Amino acid sequence: MLIERNPQSLRRPSTPARRRAAWLLYAVCALTLVPSLFIHPHAKFGFAELPAFHALLAFVTGCVLVLAAIILRRLIIRGEDYYEHRT
Amino acid sequence: MPAWLNNPGMLLIIAGCIIPLLPYRARMVVLLGAPAAGLAWLWQIPLGTTTQMALLEYTLTPLRVDGLAFTFGVIFHIAAFLAGVYMWHTRSRLEPAAALIYAGSAIGAVLAGDLITLFMFWEVTAIASALLLVIRGLRDAMIVARRYLLVQIGSGLFLMGGAAIHIHATGDVAFTHLGLDAPGGWLILFAFGIKAAFPLLHNWLQDAYPSASPTGTVVLSAFTTKMAIYALARGYAGTELLIPIGAVMTIFPIVYAMLANDLRRVLSYSLNVQLGFMVVAVGIGTELAINGAAAHAVTHILYKALLFMSIGAVLHQTGHVRATELGGLARQMPWTAAFCVIGAASISAFPLMAGFVSKSLILSAVAEEKWAATWVTLTAASAGALLYVGIKIPYFAFFAPNDQIKADPAPRNMQIAMGLTATACIALGLAPGLLYSILPYPVDYQPCTVDHVVTQMQLLAFSGLAFWLAWRAGLYPRPMRAVHLDTDWLYRRVLPALGHVGERLFQTANRRFRAGAGSLADTAMTRLRVRYGATGVLSRTWSTGWMALWVAILLIVYLALYY
Numbered sequence: 058m059l060i061e062r063n064p065q066s067l068r069r070p071s072t073p074a075r076r077r078a079a080w081l082l083y084a085v086c087a088l089t090l091v092p093s094l095f096i097h098p099h100a101k102f103g104f105a106e107l108p109a110f111h112a113l114l115a116f117v118t119g120c121v122l123v124l125a126a127i128i129l130r131r132l133i134i135r136g137e138d139y140y141e142h143r144t
Numbered sequence: 327m328p329a330w331l332n333n334p335g336m337l338l339i340i341a342g343c344i345i346p347l348l349p350y351r352a353r354m355v356v357l358l359g360a361p362a363a364g365l366a367w368l369w370q371i372p373l374g375t376t377t378q379m380a381l382l383e384y385t386l387t388p389l390r391v392d393g394l395a396f397t398f399g400v401i402f403h404i405a406a407f408l409a410g411v412y413m414w415h416t417r418s419r420l421e422p423a424a425a426l427i428y429a430g431s432a433i434g435a436v437l438a439g440d441l442i443t444l445f446m447f448w449e450v451t452a453i454a455s456a457l458l459l460v461i462r463g464l465r466d467a468m469i470v471a472r473r474y475l476l477v478q479i480g481s482g483l484f485l486m487g488g489a490a491i492h493i494h495a496t497g498d499v500a501f502t503h504l505g506l507d508a509p510g511g512w513l514i515l516f517a518f519g520i521k522a523a524f525p526l527l528h529n530w531l532q533d534a535y536p537s538a539s540p541t542g543t544v545v546l547s548a549f550t551t552k553m554a555i556y557a558l559a560r561g562y563a564g565t566e567l568l569i570p571i572g573a574v575m576t577i578f579p580i581v582y583a584m585l586a587n588d589l590r591r592v593l594s595y596s597l598n599v600q601l602g603f604m605v606v607a608v609g610i611g612t613e614l615a616i617n618g619a620a621a622h623a624v625t626h627i628l629y630k631a632l633l634f635m636s637i638g639a640v641l642h643q644t645g646h647v648r649a650t651e652l653g654g655l656a657r658q659m660p661w662t663a664a665f666c667v668i669g670a671a672s673i674s675a676f677p678l679m680a681g682f683v684s685k686s687l688i689l690s691a692v693a694e695e696k697w698a699a700t701w702v703t704l705t706a707a708s709a710g711a712l713l714y715v716g717i718k719i720p721y722f723a724f725f726a727p728n729d730q731i732k733a734d735p736a737p738r739n740m741q742i743a744m745g746l747t748a749t750a751c752i753a754l755g756l757a758p759g760l761l762y763s764i765l766p767y768p769v770d771y772q773p774c775t776v777d778h779v780v781t782q783m784q785l786l787a788f789s790g791l792a793f794w795l796a797w798r799a800g801l802y803p804r805p806m807r808a809v810h811l812d813t814d815w816l817y818r819r820v821l822p823a824l825g826h827v828g829e830r831l832f833q834t835a836n837r838r839f840r841a842g843a844g845s846l847a848d849t850a851m852t853r854l855r856v857r858y859g860a861t862g863v864l865s866r867t868w869s870t871g872w873m874a875l876w877v878a879i880l881l882i883v884y885l886a887l888y889y
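Sequence order for the protein chains is Y and X.
Residue numbers for the first sequence follow this note's numbering, beginning at 58 and rising by one.
Residue numbers for the second sequence follow this note's numbering, beginning at 327 and rising by one.
If we strip away everything but chain X, and leave its shape as in the complex, we get (with noise of 0.2 Å):
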């Protein structure tokens, strides 16, 4: 076998070509198969693996299982496996088949050992998620895919300009540890800034994720950005200006996810938030603090997956998303409702559950290194998610007071879907071990400590309380049909606007140059009238004698001249 097509992404990218050519049941054989496989064949490399081929002068390493790469490409088959059992009822042909190419690149990204191997897989997932867009055929989600492709091909453009600047001036085409003195590190960070939607950078997340199919949105919540996260973990794992950019995104997305009336949009918000607990681990750097980022972006990817299944279920029953059309839906979808509740406890951080194993790897990692304001900002943050989503998403979409709205229980898959993912969450938070097997180093960490769980507790208990004191003030952001403002008003409205003005000032100066240069031709075509028009000057008819007068004349000039 050729040693770019031996590696478990490709067997996901190869099966999602293939897949829009079968039949139904052979589709969801494939669907389902493939990510299984690839995760069996994942986990029978050794660690430290590594396979080469020769390209052009360098050699690549398409294959590179290790600690980190490892976590990754196993909690992305198990993804991408969950959102196939969460697909299972569509008939589309292209869905499956983008999903699946998305999770193969994605995968194949982890496992690249070499920056061009890298590059190759990175603008795969900026075009197999882009098409999960395209597929859902509305106009809006069209205009917003194309957004969204710029955004990401730029990334990739990005990093190809950081990587050439590097492998130019090293000679070195292996991904490893960058940090920013390296050639090109700023390039490549800020590559992988834009995927992991930093600060300013963030707004291609929620303007695109709520626009996808139900289905669409469980399937790219989970790879671009922990894939942004694995690569700076590995190339920039223990750069301090990370740190503060973490504790910014873990701040910021709060106010937004609670103005926001759309569900997902709310949803994409706090994953931006969760992103940032990662990054600030990168920043720290320690082994803990990577132990903790990975371990972050597992649980992340589960219970972002679970809640954006349950709301996928609700928008898939109801044609519904927005807070203010939603409510009252648990009576009519229970088994949806308790596994968003699940969700919700999850990235609220209850003991017990996934998120409070992984988010206190962060935490304890911070206070090892002694960063005492980014601590109590990433406490804060978890502190918060109570606010924005802990309650907030499972309230309004199954609780809140609304008899208008009557919707049957979802589909058996998403309920068995769901209900994978809530296990897994729950797994995660009673047995961690689980969790902490897979991650890039060794784990000596023990979560549920007596005093962990009461400072836990207080923290959730006392979020409830200045929720529901601001709820019966009557302060709590209500959802409101509106648009708020973001970083997207730049590139939505700003730069058009730019845009606008420039072409009114290309077109009147135009409009003068050619006013300016009509009436020069005209002046110039009147003089050349008066010399050559028909009554002109040099018209005239001339009799024979004159003429050869005339060439006398010029033939005398001619010979005195040539003497």
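With the rest of the complex left out, here is chain Y (with noise of 0.2 Å):
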């Protein structure tokens, strides 16, 4: 498989307290939405002032990251005793 994803045991929303976080994230992002459609931005660039512009960047720099480090990751990473005895 090309991308090795985590274990089960990583992913999911385990617990109640877990669940109710994610719930509490989606309302957050939702909320942080309804401000944008009545206030004007005073951005000094033309495209910062469309409406969820930081949010739309925000999201995506978050999954190119991701994406990034996981590419990355298969390229560069050693075993752990790569530099043993080695000054």
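Calculated directly from the structure, the hints in this document are not laboratory data.
Model, not experiment: these values are computed from the prediction.
Built from N, CA and C at the ideal position, the CB exists for glycine as well.
A few of these clues could be false.
[To be verified] Estimated spans, in silico, between C-beta atoms of each pair:
#1 Y/R135 <-> X/W512: 29 to 39 Å
#2 Y/N63 <-> X/D729: 41 to 51 Å
#3 X/L821 <-> Y/P108: 15 to 25 Å
#4 X/R417 <-> Y/N63: 34 to 44 Å
#5 X/I742 <-> Y/E61: 36 to 46 Å
#6 Y/P108 <-> X/L373: 22 to 32 Å
#7 Y/L94 <-> X/I731: 41 to 51 Å
#8 Y/K101 <-> X/L373: 28 to 38 Å
#9 X/A500 <-> Y/L81: 49 to 59 Å
#10 Y/R135 <-> X/Q730: 19 to 29 Å
#11 Y/L124 <-> X/R830: 48 to 58 Å
#12 X/G825 <-> Y/N63: 56 to 66 Å
[Claimed, not checked] Examples of chain X residues lying across from chain Y (beta carbon under 8 Å, computed):
#13 L713
#14 A733
#15 M783
#16 A796
#17 P803
[Unchecked claim] Computed far set for chain X versus chain Y, every beta-carbon distance over 10 Å:
#18 A329
#19 I453
#20 E694
#21 N739
#22 Q772
#23 L887
Make one complex out of these two single chains by using the hints.
Quick look at the structure:
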């Protein structure tokens, strides 16, 4: 498989507390979007005045960084003792 | 008082020199008293003060207090004080000494008004900080210290070379704006770039900082790199080359920080990201931008020290610092966990936290000058902060499921140090005027506007969402016990490998040469033996008559030649 996923134990929201936290996160995301419908941001750049520009940028950045990390890890990962006994 | 002593930095250096001779209680009084006294001293020096002294044919300026130097001087004193509280429990005599000398020389460097004084303090910071690594006494730390010292002294040599060229060409030793066109400008920029951890020159930082003791890392994190930022702001403000360099610095260490397992290495990479913000601001070079760089240095020293303190406390109590071994400590070390969360919120620039008020200054300065791509890069990087440190550090240290690990709460003095630092982070966030009042230039800026807070909350919420979705999908790089190659691979593997190849080539050549020379010598010896050996032509026994004849012939030839 091209991308090795983390084991199941590390992935799912296993406890009710975590499930609640996840819902809270979705709610906060939605909430932060509400004001941008009413407030016109005074940005210095035209593109930054789009509603939810920052939300989009943050989400895309997050996804790109995670993908970059996955790809880079395949290239640069070495054994734990790679530098052992060398100075 | 001689002019070279008339300097708060020298106060700390002298305190550091006498501290190993004192008993424990007196040591601790000096450890906290010296930075406090130094700060009080610096505070009452009027801005614009300089002192001068003559050395050979040069006029040195060991003390120059202006806005920029004042900001960095103040925060360095505060950092030294907080680190002193954090290492209160240590019985070591050398660690407080190295910490004070290190802090004092960094303060001396930012207060230095000429290149020669700067160079001298520059080198003292290198040696004192390497001492902090050596003191730990571990074999690995010794090896790291050797590498670290090589890099740091190397930076000093570049500074010395650049300064020598500059002084020779201009006859002026003053350390003011240099720029790339100044004689020696590139060399000096390279020296500053090494200490500011420019891309490709950065790896000494992630190599050394995770190897020091828990207390040593807190001290290390504050001074060297911010001293370099100060030097860049002084000498290279407005150098546009710094903008792309800084922008790269804000992005690529994020990926490494996401991969790293050692939490102090994660923090070291994130330190590099934050330095990128400051380097960009220096490259912009307007008053707002320099204010932003200085403000970010101040807040960054505080929240990064707080994060290193909380992870150091975990290391001190459990002996572990890697994400694969940690987790579940929130119940056992609740205060440390809370302080760590405050530090993480600060570095992620939550509104009403220290990181928010300083990062906004830099972003506004970039926007003012219409650097659109840079602005997007920095905004993206500040969104990424949540991914690689804002969530990662508290989660893996304190909240990840792990019931294998037991720990007592951190020592009281560590908790007090963390509490003070956390208070400072929140206070600067709530009352940005406090921070803005010590900046180099007058500030007319209001960070907490409605649209600013809203956009920042969008950034944070949606990068949190990206983290969460990646985590649920099993895609977020989980901590692994592994080495991830960085540029140190070049000097830890490639250079030694090249060295081995060179050595082998030399040995082969040497062997061949010796064999060749040996056979040549053998041949020559055989020939000589034929002529001069026991049975050789020239060692036969000759009769007296033959000898007399030969002598007579020789004399005749001589006579003939003489005439």
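Practice task
Evaluate the given range 41 to 51 Å for the C-beta pair formed by Y/L94 and X/I731.
Solution key: holds, 47 Å
Handout entry: Nearest-CB test (10 Å) between chain Y and X/A329
Key = Non-interface label stands for X/A329: nearest chain Y Cβ at 43 Å, farther than 10 Å.
Problem - Hint validity - X/P803 Cβ closer than 8 Å to any chain Y Cβ - result: holds, 5 Å
Exercise for the section: Look at the Cβ atoms of X/A500 and Y/L81 and judge whether their distance stays inside 49 to 59 Å. Expected result: Given range 49 to 59 Å: holds, Cβ gap about 57 Å.
Exercise for the section: Under 8 Å, Cβ to Cβ, is where X/A796 needs to be relative to chain Y, so tell me if that hint holds or is violated. Expected result: The hint holds - X/A796 has a Cβ within 8 Å of chain Y, the shortest such distance being about 4 Å.
Problem - CB-CB spacing for X/L373 and Y/P108 relative to the 22 to 32 Å hint - result: violated, 45 Å
Practice task
May I ask you to test the hint 15 to 25 Å on the CB atoms belonging to X/L821 and Y/P108?
Solution key: Since the Cβ atoms of X/L821 and Y/P108 sit about 53 Å apart, the hinted range of 15 to 25 Å is violated.
Handout entry: Check on X/L887 being off the interface with chain Y, judged by Cβ distance over 10 Å
Key = It holds; X/L887 is separated from chain Y by about 70 Å at its closest Cβ, greater than 10 Å.
Exercise for the section: So, X/A733 near chain Y? Judge it on the closest CB pair being under 8 Å. Expected result: Nearest chain Y Cβ about 22 Å off; hint violated.
Exercise for the section: Return holds or violated for the Cβ distance of Y/R135 and X/Q730 against the range 19 to 29 Å. Expected result: Once the Cβ atoms are compared, 26 Å apart, the range 19 to 29 Å for X/Q730 and Y/R135 holds.
Problem - Minimum Cβ-Cβ distance from X/I453 to chain Y exceeds 10 Å - result: Given that every Cβ of chain Y is farther than 10 Å from that of X/I453, nearest at about 20 Å, it holds.
Practice task
Note whether the CB distance of X/I742 and Y/E61 lies within 36 to 46 Å or breaks it.
Solution key: About 45 Å separates the Cβ atoms of X/I742 and Y/E61, which means 36 to 46 Å holds.
The structure shown violates the earlier hints numbered 2, 3, 6, 11, 12, 14, 20.
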